[in-house]
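Going down the list, the sequences are from chains A and B.
Position in the first sequence counted from 1, then plus 285, gives you the numbering used here.
Position in the second sequence counted from 1, then plus 2, gives you the numbering used here.
Hints are computed from structural coordinates only; laboratory data are not their basis.
A portion of the hints provided could be inaccurate.
[Claimed, not checked] Output of the computed footprint for chain B on chain A, the stretches with three or more beta carbons under 8 Å from beta carbons of chain B: (1) 299-312; (2) 317-326; (3) 358-371; (4) 381-395.
[Said to hold, decoys possible] Derived contacts from chain B toward chain A, CB cut-off under 8 Å, selection only: (5) Leu44; (6) Phe178; (7) Phe193.
[Unchecked claim] Taking lysine-lysine pairs in the DSS-like style, the calculated list, with each CA pair at most 25 Å apart, reads: (8) Lys314/A - Lys170/B; (9) Lys472/B - Lys520/B; (10) Lys400/A - Lys454/B; (11) Lys520/B - Lys469/B.
For glycine and all other residues, C-beta sits at the position ideal for the given N, C-alpha and C.
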Amino acid sequence: MIYNIPFIAVVIMVIIGLFAVLFKRNLVKIVIGISIIESGVNLFLITLGYREGGVAPIFTSAPSEIVKDTPGSMVLPVPQALTLTSIVIGVAVLALMLSLVMHIYRQYGTLDVRKIRRLKE
Amino acid sequence: MNWLELLSLHSPALIVGIPLLAAFLTPLVSRINDKIRNLFVLVMLCVTGFLIILLGYDVQTNGIRTYVFGSGAPLPSGMSIPVRIMFEIDSMNVFMVIITIILALVGVLYSWSFMNRQDGQDKYYTIVLLLIASILGMVLTGDMFNFFVFLEISCISSCALIAFWVHKGESLEAAFKYIVISSIGALFILFAIGIFYAQYNTLNMATIANAIQYSFLDKIALVILIAALTMKAGLIPMHMWLADSYGEAPPSITFILIGATQASLYGAIRILFTVYGNVFRDILPNSSSFIIEGVIILLALITILIGVMMALIQTDFKRLIAYAAVAEVGYIFLGVGVGLASIGTQYGGVALKGGLFHIINDALDIGLLFLIVGAVLYATKETSVNKLGGLARNLKYTTLFFIVGLLAVSGMPPFNGFASKLMIYESTYQLNPIIPIVAILASILMLAVFIKVFYSVFLGPDLPKFKEIKEVPRSMLFAMGIIVGLIVFIGLFPDIFVSNIIQPAANALINHSSYISKVITPTTFIGGF
C-alpha cells in the first residue's frame, strides 16, 4: 500500500490539472493546470525508477561494499534521465505559453477565455 | 570504405543533425546578408534531401536499417535489452521522410518571396529548420521517448510559427489553443511511455512490440497513445485546433505544418501496426472484438463528413481549406483503419496502400491549395471569399494551379487524388458498402465547395480594387509549379509510385516481425534485470 501512494498522487495531480484546463476561465490558470499535469507525469516517471534494494547510480557516492558484493544492484538511471529531459522541455513549453498569454493580454485586454473568441466557426 | 558509403552509413543521424545545426547557424549567417541566408537554408535542405535519397536507396536494396547512437550494435555488452537511442528505418519511414523533405524544400523556396516583406526573417528560418529537424526525427526514430522529445520540439516550434504574425489576435489565439492541446497530448504520450517502461523495462519500439502482452495497462497505454496522436493528426473530435492553426498561420508555414501533422499520423500508424502488431494479429482476432478498428473507421467517416460540411459554410479562403484538410485526414484514417480491421486479407492490403498513398496526396493537394491562398494573400492582402473576385484576369498561373489543386483534392481523374481515393473506395467496399458511399458523397461535396470558391474568387466581374494587382513573384510560382508537376506526374503514372514507394511501405507495416527481428530475436523472453 505504502508503495502505491506515489501512483495515487500521480493520478490525483493529473486529474487536478485536467480539471483546471477544462473548467477554469483564466488563461494563466490553464497554464498552471498544464504545469500540474506535467509534474504528475514526472512524478510517475520518477516513481517507476524506484527499485527495492537498488543503489542510486552515482558511482562515486555508492557504498563500496555494496558495489563489491552485488554488482547488479545499481539501478539503471533511465527514468531519471527521462524526467530531466521532460522537465527541460516543460520549462520551454511553460515559457512559450506564458509569453503567448502576455501577448494575448496585450491584444485582447483580458485573460478570460469566454471573451477571447475571435476565432469562430 | 569510400566517403559515399560513410555518408550512407551515418545518414540517419545526419538527416536530423544537419537541419538542427543549420537552424542555430541561421541567425549567424543572416548577419551577413538576407540572400545568403536564404540560399544557406535551401542548400542545407538540399544536402539533407541528398542524404535522404542515399538512405532511401540503401533501405530499398538492403532492407531495414538501424542506426544506434554511440555504438555499432543495438545491444551493449552485458545487457539483455537495448538501452541506447536507436533510429530504425524501414520503407515506411523512408516514405514519410520523402514527404517531409518535399514539403520542407518547397515551403522554404516559397517563403523566399512570401516572407520578404516581413521582418524577423532570421527567426522565421531558424524555427522552420527546427520544425523540419523535429519532423524528420519523429519519422526516423525507433525509440518511444525519442519520439516524445521530437514531438515536443515540433509542438514548440509549430506554436511559435503559428503565432508568427504576432500583431494579429487571431493567430495568438490559435497558437495558444495549439500549444495547450498539443502539450497535454504530448504529456499523455509520456505517461503511456512510462506505462510501457514500467512493464517491459525498455523504450525501444521493436522491443516493446516483441514483448507486448495486451494486459490491462497496455490497453490504457493504447487508448492514450491513439487518442493523443490522432488528436495531433486532426481526427474528430479534436479537429478544431487544426482548422484554427492552419487557418491563422502564414500559408508558407501551414504548408510545412502539414508535415508535422502527418508525422503524428505516422506515429499513430506505427503504434497500431508495429508496436501493437502482435495484438492485432494474434490476440484480438481470437476474441473477435472489433472495437479499436471500428472506432477509428467511425471517427474517420465522421471526420470526412464534418470536415466537408464545415468547409461548405466558411467564408474565409484559408479556413475553408483548413477544413478540407480535416476531411483529407479522415480519408487517410479510413484507409488505414480498414487496412487494420482486415489485416491479412487482399482488400485490407489495398485499403492500407490507399491510405498511405493518400498521405502524400493529401500533403501535395492541400499543400498546393494553401500555397495558392498565400499567393492570393500576397497579391491582394485579402482572404475573405466574399471580398475577392475576378482574380483570374491578373493571376493567370495561380488560377491554373488552383484548377489543378481543386480537381486533385476532390478526387477527379487524371490527378493524384483520384488514384488514392479509388483505392480506398474499391477496398473499403468489401468491409461495409456504407463506407465508400459516405466517402464518395463527401468527395463530391468537396468538389462543390471548391467550385464555389473558384467562381467567387477567380471568376466573376472585374473588381476595381484588384485592377492593379500583379502576378506573384517567380519563386512562389516555381514552388507551386513543382507541386503541380508532382500532382500531375503521380496522377498520370500512379503505378510507378505505388509499386516503388507505397507497396514497400505497406509491406513494412504488415510484416512487423521483420521490424522486430532487426533489433531483437523474436520470442526471447525479456525479463527484468
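Do the hints match the structure? See the list:
1. 299-312: Satisfied; 4 residues make the cut.
2. 317-326: With 4 residues closer than 8 Å to chain B, the segment 317-326 of chain A meets the three-residue bar; holds.
3. 358-371: holds (count 6)
4. 381-395: holds (count 8)
5. Leu44: violated, 27 Å
6. Phe178: Hint holds; phenylalanine 178/B Cβ to chain A Cβ min 5 Å, cut 8 Å.
7. Phe193: Interface hint status for phenylalanine 193/B: holds (5 Å vs cutoff 8 Å).
8. Lys314/A - Lys170/B: holds, 23 Å
9. Lys472/B - Lys520/B: violated, 56 Å
10. Lys400/A - Lys454/B: violated, 33 Å
11. Lys520/B - Lys469/B: violated, 62 Å
Checked against the numbered hints above, the structure breaks hints 5, 9, 10 and 11 and satisfies the rest.
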